[in-house]
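Colleague: The lines below spell out each chain.
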Amino acid sequence: MHFRFTQTAIDTDAARRELLDGGAGAFTSFEGWVRDHNEGQEVTLLEYEAFQELAVKEGARIVAEALQRFAVLHARCIHRVGALKVSDMAVWVGVSSAHRGEAFDACRFIIDEVKHRVPIWKKEHYRSGDSGWVNCERCAAAPSSTAPTQGHHHHGEAAAPGAEAAALGAEAIAHSARK
Amino acid sequence: MQLKVQYYALMREQAGRSEEWLETAAATPQRLYDDLAQRYGFTLTRDQLKVAVNSEFSDWSRPLSAGDAVVFIPPVAGG
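Sequence order for the protein chains is A and H.
Following the numbering used here, the numbering of the first sequence begins with 1 at its first residue and continues without gaps.
Following the numbering used here, the numbering of the second sequence begins with 180 at its first residue and continues without gaps.
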């Protein structure tokens, strides 16, 4: 399965082995991690939930698109569901290809599209005792808004490689724009 | 007709259930959502959602048939 879910920790060694190929000279991966803060709130726990029947189809379509669009050999994406703690890995993307450029591009494409298109949701639990569904609660507070406001920008781009990446703020805008 | 509706994330919490079979006269997902939003007080508006019928993305105006499984999809937040 080119896109799949797991209830337990993602086995990156096993996933990486699925991409081995004598013709590959490059391998890139992306890991999304649970960050301990968001929008000034201290995050203690994240709960991930997916509409799996559709999510695996849409995820597989994204990986197939990446294979078609970029000259890469193999690609996989694995997403965690359930309750995750700070620093747990929520998502892993791996790509192998003859040369590094395409592998980086395809890896970026896959994680960006997964964040936009695959029906997965996360609920953040804060140290304050509050909790909220990312991208849902504040939108819901202003249902008539057509242009996303700062309120949608729940996640910033993490500077550290491997940390939860891809600015969700920008994605929230793209998501709204697509509807 | 009888339809199956599944709820996820914020909508699951607001509906107080993850799925149900409903008797409805709603001809389209659009009408069905308007009815359910009134029943459960959903705070997300239709333009914030997508809809799936039988585990595939669907148009809001697609005709519904007995036995269809409908899922309303709140703004996604994977990764």
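Among the hints, erroneous ones may be present.
Chain A side only, calculated, beta carbon under 8 Å to chain H, not exhaustive [to be verified]:
| # | residue |
| --- | --- |
| 1 | Ser29 |
| 2 | Gly32 |
| 3 | Leu45 |
| 4 | Glu49 |
| 5 | Leu54 |
| 6 | Phe70 |
| 7 | Val86 |
| 8 | Met89 |
| 9 | Ala90 |
| 10 | Val114 |
| 11 | Val134 |
No wet-lab data here; the hints were simulated from the structure.
We treat Cβ as the ideally placed atom computed from N, Cα and C, and that holds for glycine.
Colleague: Each hint: holds or not?
Modeller: Okay, the hints, checked on the actual structure:
1. Ser29: It is violated, given that the least Cβ distance between A/Ser29 and chain H is near 14 Å, above 8 Å.
2. Gly32: Hint on A/Gly32: holds, closest Cβ of chain H at ~5 Å, below 8 Å.
3. Leu45: violated (15 Å)
4. Glu49: Where the cut-off is 8 Å and the nearest Cβ of chain H is about 6 Å from A/Glu49, the hint holds.
5. Leu54: holds (5 Å)
6. Phe70: violated (20 Å)
7. Val86: Given a least distance of 16 Å, the restraint on A/Val86 is violated.
8. Met89: Given a least distance of 11 Å, the restraint on A/Met89 is violated.
9. Ala90: holds (7 Å)
10. Val114: holds (6 Å)
11. Val134: holds (4 Å)
Of the hints listed earlier, those the structure fails to meet are numbers 1, 3, 6, 7, 8, in rising order.
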